[in-house]
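S.K.: Okay, here's what each chain looks like letter by letter:
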Amino acid sequence: MEAAAGKTYPPFEYEVGREKIREYSNAVGETDSVHHDPEAAREAGFRNVVAPPMFCVVYSAGAMAPAILDPDLAINLMLMVHGGQEFEWGEPVVAGDTITTGVTVKDIYEKNGMKFYVFESESKNQNGDTTVKGTWTNIVRGG
Amino acid sequence: MAAPKLEPGAEVPALTVTPDKYVPHRYAGASGDFNPIHIDKEFATAVGLPQNILHGLYSMAQVARAATQAAGGDPRSLKRLSVQFRGMGIPEREIRVTGTVRETRNGRVVLDTVAEQDGNQIIRNAEAELEI
Chain A
394 MEAAAGKTYP PFEYEVGREK IREYSNAVGE TDSVHHDPEA AREAGFRNVV APPMFCVVYS
454 AGAMAPAILD PDLAINLMLM VHGGQEFEWG EPVVAGDTIT TGVTVKDIYE KNGMKFYVFE
514 SESKNQNGDT TVKGTWTNIV RGG
Chain B
684 MAAPKLEPGA EVPALTVTPD KYVPHRYAGA SGDFNPIHID KEFATAVGLP QNILHGLYSM
744 AQVARAATQA AGGDPRSLKR LSVQFRGMGI PEREIRVTGT VRETRNGRVV LDTVAEQDGN
804 QIIRNAEAEL EI
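Protein chains in written order, with my numbering: chain A, 394 to 536; chain B, 684 to 815.
Here chain A stands alone, though its shape is the one from the complex (with noise of 0.2 Å):
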């Protein structure tokens, strides 16, 4: 493990916007009129039209980008790959909710040549729960 493990990032927020949502949906293929029509969210329980699980990498990202670029890790972009994804699901997140995600740095090592960076992300609505907590695997071959 080297140094840079615990290293936190400034937390990002984001506001869900309704037709985010819908776009999200449409290009993932999520049909289900609960994340299109706020009518039927309601009716499902939901305050507002509510987002798929993993629209938790839309909110996500502007959290895991400076950890990704951060100049003390120096990651080799050209040769990083995803290597894994895990994400815990909380409290679902619905249109207008503002949610705040921070990032650690969990581990970094080398297996088999290659150099594993592992993040965590918790990401927490405006009322303090918690929405989603991720870990995200990126690989640098040879790195």
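Simulated from the structure, these hints should not be mistaken for laboratory data. Just to be clear, a hint being listed does not mean it is correct.
[Stated by the list, open to error] Cβ pair distances, simulated, as ranges:
no.	chain 1	residue 1	chain 2	residue 2	range
1	A	Thr528	B	Pro696	36 to 46 Å
2	A	Arg534	B	Asn803	12 to 22 Å
3	A	Gly506	B	Gly790	37 to 47 Å
4	B	Glu694	A	Ala467	43 to 53 Å
5	A	Thr528	B	Arg785	16 to 26 Å
6	B	Glu814	A	Ala467	39 to 49 Å
We put the CB at the ideal spot given by N, CA and C, even for glycine.
With the hints as your guide, set chain B onto chain A.
M.R.: Chain B alone, transformed into the frame defined by chain A:
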């Protein structure tokens, strides 16, 4: 949306989707990931890829859809999803997501899932936890 019986060993309904030529562009716009390997065929081939490739997180979203459908369709039922990205997904070829119930753990159903395209696993060792 009645949830199906999910006993250990049971296969869940397969999800198939054929992303059209412009899916990587729409996904780039939706997600903010404009890495040219996904949207620029010339760039992709210049860095040694066969063509522009699907975003891994797009393919993971298809695994999430399959798992949610297996639980009856409620997006709240997907509690955890862990995947490894392998190989490369490409547009205009069918993706097939299949899954088997491994066990019930702490009141959650654990699914083992794979996404394949032309016989290549593009997502493997995918484990989904569902609360039904």
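S.K.: Work down the list of hints and note, for each, if the structure agrees.
M.R.: Status of each hint after checking the structure:
Roughly 28 Å separates the CB atoms of Thr528(A) and Pro696(B), a value that falls outside the hinted 36 to 46 Å. Checking the proposed 12 to 22 Å range against Arg534(A) and Asn803(B) shows it holds: the Cβ atoms sit about 19 Å from each other. In this structure the hint that Gly506(A) and Gly790(B) lie 37 to 47 Å apart at CB holds, the actual value being about 42 Å. Between Glu694(B) and Ala467(A) the Cβ separation comes to about 45 Å, which falls inside the hinted range of 43 to 53 Å.
For Thr528(A) and Arg785(B), the Cβ-Cβ distance of about 20 Å falls inside the hinted range of 16 to 26 Å, so the restraint holds. The supplied range of 39 to 49 Å is met by Glu814(B) and Ala467(A), whose beta-carbon atoms lie about 41 Å from each other.
When held up to the earlier numbered hints, the structure conflicts with hint 1 and nothing else.
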